[in-house]
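Trainee: Residue numbers (the working numbering), protein chains in the order written: chain A, 221 to 401; chain B, 365 to 470.
Hint data in this document are derived by calculation from the structure and do not stem from the laboratory.
It cannot be assumed that every hint is accurate.
Claimed, not checked - Where chain A lies over chain B, by a calculated footprint (3+ residues, C-beta under 8 Å):
1. 374 to 386
2. 396 to 403
3. 408 to 421
4. 424 to 433
5. 445 to 452
For glycine and all other residues, C-beta sits at the position ideal for the given N, C-alpha and C.
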Amino acid sequence: MDLPIPLETQLFFLLATIAILSAALVVFSPNIIHSGFALLGAFGGVAGLYIFLSADFVAVVQILVYIGGILVLILFSVMLTNRIRNIAISNQSINRWLSIPVGAALAGLLAYVARYPSGRDAAGLDRHPWNVIPNADNSMLGRLGDAFLDEYLMPFELASVVILVALIGAAYIARREVRGD
Amino acid sequence: MDQIIHVGLPHFLVVAAILFTLGLLCVVTRRNAIGILMGVELILNAANINFVAFTKYTSASVGGHVFAVFVIVMAAAEAAIALAITLSLFQKSKSIIADENTLLKN
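Chain A with its partners taken away, still in its complex shape (with noise of 0.2 Å):
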């Protein structure tokens, strides 16, 4: 197969085949704690698909609610009811000599990346630093706040009194009995 495959291509099925593995070591792991870690890598890969689909805003709510909020109470809740005594947890490093350099290179990759673009391109044109583009257009972004506050102007008011209740009684649910007060 001489067909060269689009780096879009390449990209939407690294980002779905860390989605689909992640959600299925989630569902077959043994270990409930596994489960839990493995949800990052399905939450990160659905969120990398929501860029794809050039959804930017909810790929950041998704990763602010979902792996900064839902995957940590889940943790959380996974430490505090299953009996994790009696699974040998240590927290001994390994490799601590590799991790190192490869570290190191990381960083240094990064900073490779990073750094001021200058050079031209293989057109032979005078490449842009960043190409930044001024004034860029982020209509998306507008759009969704216009329809926030126009269009879904009450479900919006709706949603954030659903959440109101929901945390209320979600702290008054797991709060511990005050006997006799």
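Use these hints to put chain B onto chain A, whose structure you have.
Mentor: Only chain B this time, still in chain A's reference frame:
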């Protein structure tokens, strides 16, 4: 082959279908209540991929994105409530295995 190479709406629908199926499997087969909750989160993510993909490929509005954000908000509320219930259940019955908790049965 050409249809596989060029990423389009069916690709995302297939990924969402696989994620949904995995989530459903998780809900059906897990005995741990938190494992069931993880399956629910996978299902919600699959639905969200569909919302966003249909918005990108078939619609000019941002309604799908708005609904995806609402789904994420509801998932947060649902996770908070469900985990609070799980913790409360664990305090009471020392077990969060779903089919061992039959408080409502008799």
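Trainee: Next step is simple, just say for each hint if it's right about the structure.
Mentor: Going through the hints against the structure:
{"no.": "1", "hint": "374 to 386", "result": "holds (count 6)"}
{"no.": "2", "hint": "396 to 403", "result": "holds (count 6)"}
{"no.": "3", "hint": "408 to 421", "result": "holds (count 7)"}
{"no.": "4", "hint": "424 to 433", "result": "holds (count 7)"}
{"no.": "5", "hint": "445 to 452", "result": "holds (count 7)"}
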